[in-house]
Amino acid sequence: RKEVEQDPGPFNVPEGATVAFNCTYSNSASQSFFWYRQDCRKEPKLLMSVYSSGNEDGRFTAQLNRASQYISLLIRDSKLSDSATYLCVVNPIKAAGNKLTFGGGTRVLVKP
Amino acid sequence: DGGITQSPKYLFRKEGQNVTLSCEQNLNHDAMYWYRQDPGQGLRLIYYSQIVNDFQKGDIAEGYSVSREKKESFPLTVTSAQKNPTAFYLCASSKWGGQGNQPQHFGDGTRLSIL
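Protein sequences appear in the order of chains X and U.
The opening position of the first sequence corresponds to residue 181 in the working numbering, with each subsequent residue numbered one higher.
The opening position of the second sequence corresponds to residue 89 in the working numbering, with each subsequent residue numbered one higher.
These are calculated hints, taken from the structure and not from any lab test.
Each hint should be verified, as a subset may be incorrect.
Said to hold, decoys possible - The following residues of chain U were derived to be distant from chain X, with all beta-carbon distances above 10 Å: (1) S110; (2) E150; (3) K158.
Stated by the list, open to error - Each computed DSSO-like pair below joins lysine-lysine, with the alpha-carbon atoms no more than 30 Å apart: (4) U/K171 x X/K259; (5) X/K225 x U/K97; (6) U/K145 x X/K225; (7) U/K102 x U/K145; (8) U/K97 x U/K158; (9) X/K222 x X/K291; (10) X/K225 x U/K158; (11) U/K159 x X/K279; (12) X/K259 x U/K159; (13) X/K225 x U/K183; (14) X/K259 x X/K291; (15) X/K222 x U/K102; (16) U/K171 x X/K182.
Even glycine gets a Cβ: it sits at the ideal position worked out from N, Cα and C.
The whole structure should be built from the sequences, with the hints applied where relevant.
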């Protein structure tokens, strides 16, 4: 089983709609979680950190479910510019310092 | 502007040749990382460095070498031993958080191809 798993998609989303997707992680001791956005042939960019209590940044909401070992990302009022691959990133082991494990990404396509 | 600079943007390697990818950061970050990304795949860690003059192998270090002589610089050499070097190479840096809660910030990458 992979350490971090994501549905590769693509998720085809009408403009203005809401889309949500999950990422599961295998190590229950994982401490830190992030969502990154990667545009085609570009570098990943930090979208948001994911906190235990859940957090929101504008149209984006991230949730953490430790019991079921997954994090989620919800995008409201989708814009064409939200089309990208969303990478789930986990720090699996506290003792490993800041090494991060990246999921394979979920591709989102927002269409007019 | 603070950031991470990778060069060159595109690089071609001949058979049996070693090539070096540059990564420089002016964010005053302690930690630096090298990843490889293949088409449609996630990022895989090649090497990382927590502090000057120290570095650790990642998951796919074979065929690669690094050095960390200065805090700002973490060059990656792709040696002739790496038989499948064609990929997108990404350098990142972060504060070194013992709690593992520091996000990494990326350069804009180098695309390496075999001639």
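30 Å Cα cutoff - pair U/K102, U/K145 | 25 Å, holds
Agreement of X/K222 and X/K291 with the hint, judged by alpha carbon distance not exceeding 30 Å = 21 Å, holds
When you check the alpha-carbon spacing of U/K171 and X/K259, does it fall within 30 Å?
-> 42 Å, violated
Hint consistency between X/K225 and U/K183 [alpha-carbon to alpha-carbon, up to 30 Å] = 16 Å, holds
10 Å cut-off, C-beta based - U/E150 kept clear of every residue in chain X = Given a closest Cβ separation of 18 Å, the condition holds.
Holds or violated: X/K259 with U/K159, Cα cutoff 30 Å?
-> Violated: X/K259 and U/K159 sit about 39 Å apart, past 30 Å.
For the pair supplied as a hint, X/K259 and X/K291, is the alpha-carbon distance within the 30 Å limit?
-> At roughly 8 Å apart (the allowed maximum being 30 Å), X/K291 and X/K259 satisfy the hint.
Does U/K97 lie within 30 Å of X/K225 when you go C-alpha to C-alpha?
-> 18 Å, holds
When you look at the beta carbon of U/S110, is every beta carbon of chain X farther off than 10 Å?
-> 15 Å, holds
Holds or violated: U/K171 with X/K182, Cα cutoff 30 Å?
-> 25 Å, holds
Quick one, are X/K222 and U/K102 close enough, alpha carbons at most 30 Å?
-> Cα-Cα ~25 Å, so holds.
Given hint X/K279 paired with U/K159 - CA-CA distance at most 30 Å | With a Cα-Cα distance of about 18 Å, the restraint between U/K159 and X/K279 holds, given a limit of 30 Å.
The structure fails hints 4, 12 (numbered hints given earlier, in ascending order).
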